[in-house]
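Could you build the full structure based on these sequences and the hints that come with them?
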Amino acid sequence: MLESILSKYPKEQDMLIEILLDVQNQKTDQYLSEAEIEQIASYLSLPTAHVSSAVSFYTFFSTQRRGEHVIQVCKDVPCYLNDSDNLVDTIQKQLGIGMHETTEDGMFTLEPTSCLGICDGAPAMRIGEHTYTKLNKDRVTALLAEYRGKR
Amino acid sequence: MPTITINNQKIEAKEGQTILEVAKDHHIDIPTLCHFPDLDVQSDCRICMSEIVGQKKLAPSCSTPVKEGMEIKTNSQRVYNARKTITELLLSNHDTNCTACERNMNCELQTLADTLGIDENRFENILEHEPIDDNNPSITRNADRCIKCGRCIEVCKNVQGIHVLDYMNRSHDTKVAPAHGKFLNDQVCTYCGQCANVCPVASITEKSDLEKVTHAIHDETKHVIVQTAPATRVSLGETLGMDSGSIVTGQMVAALRRVGFDKVFDTDFTADLTIMEEGHELLSRVKEGGKLPMITSCCPGWVNYAEQKNPDMLDHLSTAKSPQQMFGALAKTYYAEKEHIDPNNVYVVSIMPCTAKKFEAAREEMQVHKETADVDAVLTTRELGKMIKRAGVNFKNIGEESYDAPFGITSGAGAIFGATGGVMEAALRTVSEVVNEKPLEKLDFEDIRGMEGIKEASVTLGENTFKVAVAHTLSNAQKVLDDIKAGVSPYAFIEVMACPGGCIGGGGQPYTTTNAKRQERIDAIYNVDTAMKLRKSHENPAVNTLYEEYLSEPLSKRAHDLLHTHYKPR
Ligand code: SF4
Ligand code: SF4
Ligand code: SF4
Ligand code: FES
Chain A
1 MLESILSKYP
11 KEQDMLIEIL
21 LDVQNQKTDQ
31 YLSEAEIEQI
41 ASYLSLPTAH
51 VSSAVSFYTF
61 FSTQRRGEHV
71 IQVCKDVPCY
81 LNDSDNLVDT
91 IQKQLGIGMH
101 ETTEDGMFTL
111 EPTSCLGICD
121 GAPAMRIGEH
131 TYTKLNKDRV
141 TALLAEYRGK
151 R
Chain B
1 MPTITINNQK
11 IEAKEGQTIL
21 EVAKDHHIDI
31 PTLCHFPDLD
41 VQSDCRICMS
51 EIVGQKKLAP
61 SCSTPVKEGM
71 EIKTNSQRVY
81 NARKTITELL
91 LSNHDTNCTA
101 CERNMNCELQ
111 TLADTLGIDE
121 NRFENILEHE
131 PIDDNNPSIT
141 RNADRCIKCG
151 RCIEVCKNVQ
161 GIHVLDYMNR
171 SHDTKVAPAH
181 GKFLNDQVCT
191 YCGQCANVCP
201 VASITEKSDL
211 EKVTHAIHDE
221 TKHVIVQTAP
231 ATRVSLGETL
241 GMDSGSIVTG
251 QMVAALRRVG
261 FDKVFDTDFT
271 ADLTIMEEGH
281 ELLSRVKEGG
291 KLPMITSCCP
301 GWVNYAEQKN
311 PDMLDHLSTA
321 KSPQQMFGAL
331 AKTYYAEKEH
341 IDPNNVYVVS
351 IMPCTAKKFE
361 AAREEMQVHK
371 ETADVDAVLT
381 TRELGKMIKR
391 AGVNFKNIGE
401 ESYDAPFGIT
411 SGAGAIFGAT
421 GGVMEAALRT
431 VSEVVNEKPL
441 EKLDFEDIRG
451 MEGIKEASVT
461 LGENTFKVAV
471 AHTLSNAQKV
481 LDDIKAGVSP
491 YAFIEVMACP
501 GGCIGGGGQP
511 YTTTNAKRQE
521 RIDAIYNVDT
531 AMKLRKSHEN
541 PAVNTLYEEY
551 LSEPLSKRAH
561 DLLHTHYKPR
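Chains A and B are the protein sequences, given in the same order. So for the first sequence, this note's numbering puts the first residue at 1; every next one is plus one. So for the second sequence, this note's numbering puts the first residue at 1; every next one is plus one.
A couple of the hints might just be wrong.
In silico DSS-like pairs for lysine-lysine, Cα to Cα no more than 27 Å straight-line [what the hints assert, rightly or not]:
1) B:K263 <-> B:K338
2) B:K370 <-> B:K386
3) A:K75 <-> B:K148
4) B:K370 <-> B:K338
5) B:K396 <-> B:K263
6) B:K485 <-> A:K11
7) B:K389 <-> B:K370
8) B:K57 <-> B:K73
9) B:K207 <-> B:K263
10) B:K467 <-> B:K479
11) A:K75 <-> B:K182
12) B:K396 <-> B:K386
13) B:K370 <-> B:K222
14) B:K557 <-> B:K291
15) B:K291 <-> A:K11
16) B:K309 <-> A:K11
17) A:K27 <-> B:K182
18) B:K485 <-> B:K396
19) B:K370 <-> B:K207
20) B:K291 <-> B:K479
21) B:K175 <-> A:K75
Chain A residues, not near chain B, derived (Cβ > 12 Å throughout) [said to hold, decoys possible]:
22) E3
23) S4
24) L20
25) Y43
26) N86
27) D120
28) R126
29) A145
30) E146
31) R148
32) K150
What follows is a list of derived Cβ distance ranges for each label pair [unchecked claim]:
33) B:E128 <-> A:L21: 28 to 38 Å
34) B:P490 <-> A:P10: 29 to 39 Å
35) A:L21 <-> B:S92: 30 to 40 Å
36) B:P37 <-> A:Y58: 28 to 38 Å
It should be emphasised that the hints constitute simulated quantities derived from the structure, not laboratory data. Cβ coordinates follow ideal geometry from the N, Cα and C atoms, glycine included.
What follows is the structure, given as C-alpha cells:
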C-alpha cells in the first residue's frame with residue numbers, strides 16, 4: 001500500500017508532510033510505523049532522523065497504533081488556565097485509559113496536543129477532525145456517549 | 001568600519017561582524033551554548049544576550065550584527081540576570097550530579113553556573129530520566145545531561161553530511177536523539193565522535209575503557225603494551241593544561257611508563273608499514289589494472305561510512321588494515337614470538353585521537369587468534385589525559401623519554417598520518433622513490449596540506465603522471481565518491497579522513513576542538529616531521545627488519561594474512 005501512495009507524489013522534499021498525512025490517514029490504526037518512516041525518507045532522499053523529527057514534532061502524527069477516534073486535548077497555557085487538567089481527568093476516568101493510551105475496544109485514543117488556535121474557547125479539544133470548545137465535565141461526558149452511540 | 005562601544009570601551013569593528021565576533025577580537029568573553037566556532041549560527045539558546053542601549057529587548061550576540069554608534073553592554077545587571085535565569089532553567093532539566101559526571105571540571109554548563117554564582121537553583125528539577133545509549137563500542141549518549149544546544153546535530157548534519165541526530169518531539173518534551181528516539185547503533189552512525197567533541201556537556205562522550213585498562217595494568221599475568229597514534233603527541237598536552245599544538249611526544253612516553261605500561265610503542269611505526277603495504281597495493285593495482293582510484297582505509301569512521309552508505313564503492317578501498325590494527329596483529333604474533341610471551345598474555349592498548357577506533361578494534365575481522373581482539377582496548381587522548389592525572393604524574397615537568405624498540409623506530413612520514421593529507425604525502429614520498437629509483441628533490445607536498453576540504457596533487461611515476469586527491473570530513477568524501485560514481489573522477493589514489501583536519505581533529509581529541517586549534521596541531525605535526533632524521537617510510541630500518549625477519553616482502557602471503565582485511569556492506 002505504501003508504495004502505491006508514494007508513487008502518486010513527485011520525489012520532492014516539500015512533499016514530506018503531505019505524504020506523511022496521506023499514509024497515516026489511509027491506515028485504520030492511524031499511525032506511522034518506523035518502517036514506513038524509513039521508506040518515506042528513502043523515497044524523498046531525506047535522512048531518517050529528519051523525517052522522524054518532523055513526525056514527532058506535529059501532534060497530528062503518531063508513531064503508536066491509535067483507536068478509531070483520536071481525542072486530543074490542548075495542553076497549552078490558555079487551556080491549562082481554564083482547567084484542561086480536569087478535562088483530561090474526566091476523560092481518563094470515563095474511558096479507563098491514560099494519556100497516549102487506547103481503550104480496549106479500540107474506540108478511543110487519548111493524546112495531548114499543542115495549541116489548537118481556539119484559545120477564546122478554552123479549554124478545547126479535538127476528536128478526529130472536529131474541534132470542541134468551552135468544555136466542562138458534563139459536555140465531555142455527553143460527547144463521549146455520543147461518539148460511543150455512533151458505532 | 002562601524003565604531004561602537006562595548007562596556008564603555010570605544011571599538012572599531014569590522015564591517016558585518018556580529019557582537020560576539022567583535023567582543024572576541026577585543027578579548028571580551030561572552031558565553032555561547034548553541035553557537036560553536038566553525039558551525040552555522042543557530043541563535044537558539046539565548047545565553048549570549050547583550051544589552052544594546054536604547055533597545056527594549058536584549059539581543060543575541062552571536063547573530064546580531066553591529067551597527068555604527070551601537071552602545072553595547074555585555075556585563076550589565078540585566079544581562080547577568082538573563083544569563084542566570086537561562087542557566088538555572090537548563091539546570092532544572094539536567095542531571096546535576098556533577099561529581100558523578102565524565103566532564104566534572106571540564107564542562108561548559110558547570111563553568112557557567114560557577115561564573116554566574118548559581119549556588120541555589122530557584123527552579124525545581126523536573127528531569128525525566130532517559131535510558132543511556134551505549135550499546136556500541138565507541139560512543140555513550142546520556143540524554144539526562146543534554147541541554148539541547150544542537151551543536152551535535154549541526155556537526156553531524158553539515159560537517160559530516162550524515163544527519164544521525166535531530167530534535168525529537170517539541171517544547172518541554174524536546175530531546176536530541178537518532179531517528180525514532182532510539183540508539184546510535186540502529187542508525188548510520190560512523191562513530192566519528194565529532195558530536196562528542198563539540199558537546200558542551202557530558203551528553204555525548206566516548207565509551208570509556210579506562211577501568212578495563214587499569215585492571216589489565218594491575219594484572220601481574222598480563223604483559224601490557226601501548227601504542228600511541230600520530231595525532232596524540234600534538235594534543236595530549238591540552239588535556240593537561242598546555243597550549244594547543246604543544247608537542248609532547250617524550251613526556252607522553254615517560255608518563256605512559258609511570259602509569260605502568262610494560263612497553264611503550266608508537267603507531268607511527270605501523271603507519272610506516274601501512275605505507276609499504278598500501279603503496280605496493282597501489283602500484284600493483286596500477287600495473288595489473290586493478291580497481292582505481294584506490295582509496296585509503298586507515299580511518300575507521302570513513303570505513304564505516306563507506307560500508308553503510310556506499311557499499312558499491314568497497315572495492316575501491318585499500319585492503320590494508322589501519323596502523324592501529326597492523327600493530328595489534330603484529331603484537332600478538334611477531335612480537336609475542338620474538339619476546340617468548342604467550343600471545344594470550346599480551347594485552348594491547350592504543351591511545352587514539354578517535355572514538356571510531358574503539359569500534360574498529362572490536363570488529364571480528366580484527367582477530368588473528370580467534371575470539372580475541374588484536375587490540376584489547378582503545379583509549380582516547382582525553383581518557384589518557386585523565387589516566388595520567390589519576391596516576392599523579394606531573395606531566396608538565398616530567399622528563400622526556402624515548403619509545404621502546406622495535407615498534408618505536410619511526411619516520412616523519414608515519415607522524416604526518418595524523419593530519420589531513422599526511423597519509424597521501426607519506427605514500428607519495430615512498431611510491432615515487434620506489435618507482436623512480438631516485439631520491440625526491442622535495443619531500444614536502446604542500447598542495448595537499450592544510451584545512452582546505454578537497455585538495456589535489458599530481459605525481460610522476462616512471463613515464464606516467466597520476467592525479468591524487470585528499471578529502472576530509474565525510475561530506476567532502478561523498479563529493480569525491482559521487483565523481484567516481486559518475487565516472488568523472490580524474491584520480492588514481494584518494495585519501496579520506498572522516499574528521500575535519502584529519503585525526504588531529506578527531507572525535508577523541510580534547511573537547512571543543514575548533515578549526516583554529518586544528519591548524520595549530522597540524523603545524524605542530526609537520527614540525528615533528530621536519531625534526532626527524534628519517535622522513536620516508538621505506539627507509540625505516542625497523543620496518544625493513546620486520547620484512548626480513550618475518551613478512552619477507554610487501555603483499556606477501558603472511559603480510560596478507562596479518563596486515564590486510566576485507567569490507568562488507570552493513
Ligand atoms: S559519531 Fe559522527 S556520525 Fe555518529 S552521530 Fe556523532 S557526528 Fe554523527
Ligand atoms: S548532546 Fe550535547 S551537543 Fe547535542 S544537543 Fe545535547 S548538549 Fe548539545
Ligand atoms: S579521521 Fe582519524 S580520528 Fe577521525 S574517525 Fe578517522 S581515524 Fe578516527
Ligand atoms: S549562543 Fe547565541 S543564542 Fe545560543
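Return the numbers of the hints above that this structure violates; sort them in rising order.
-> 2, 7, 15 and 18
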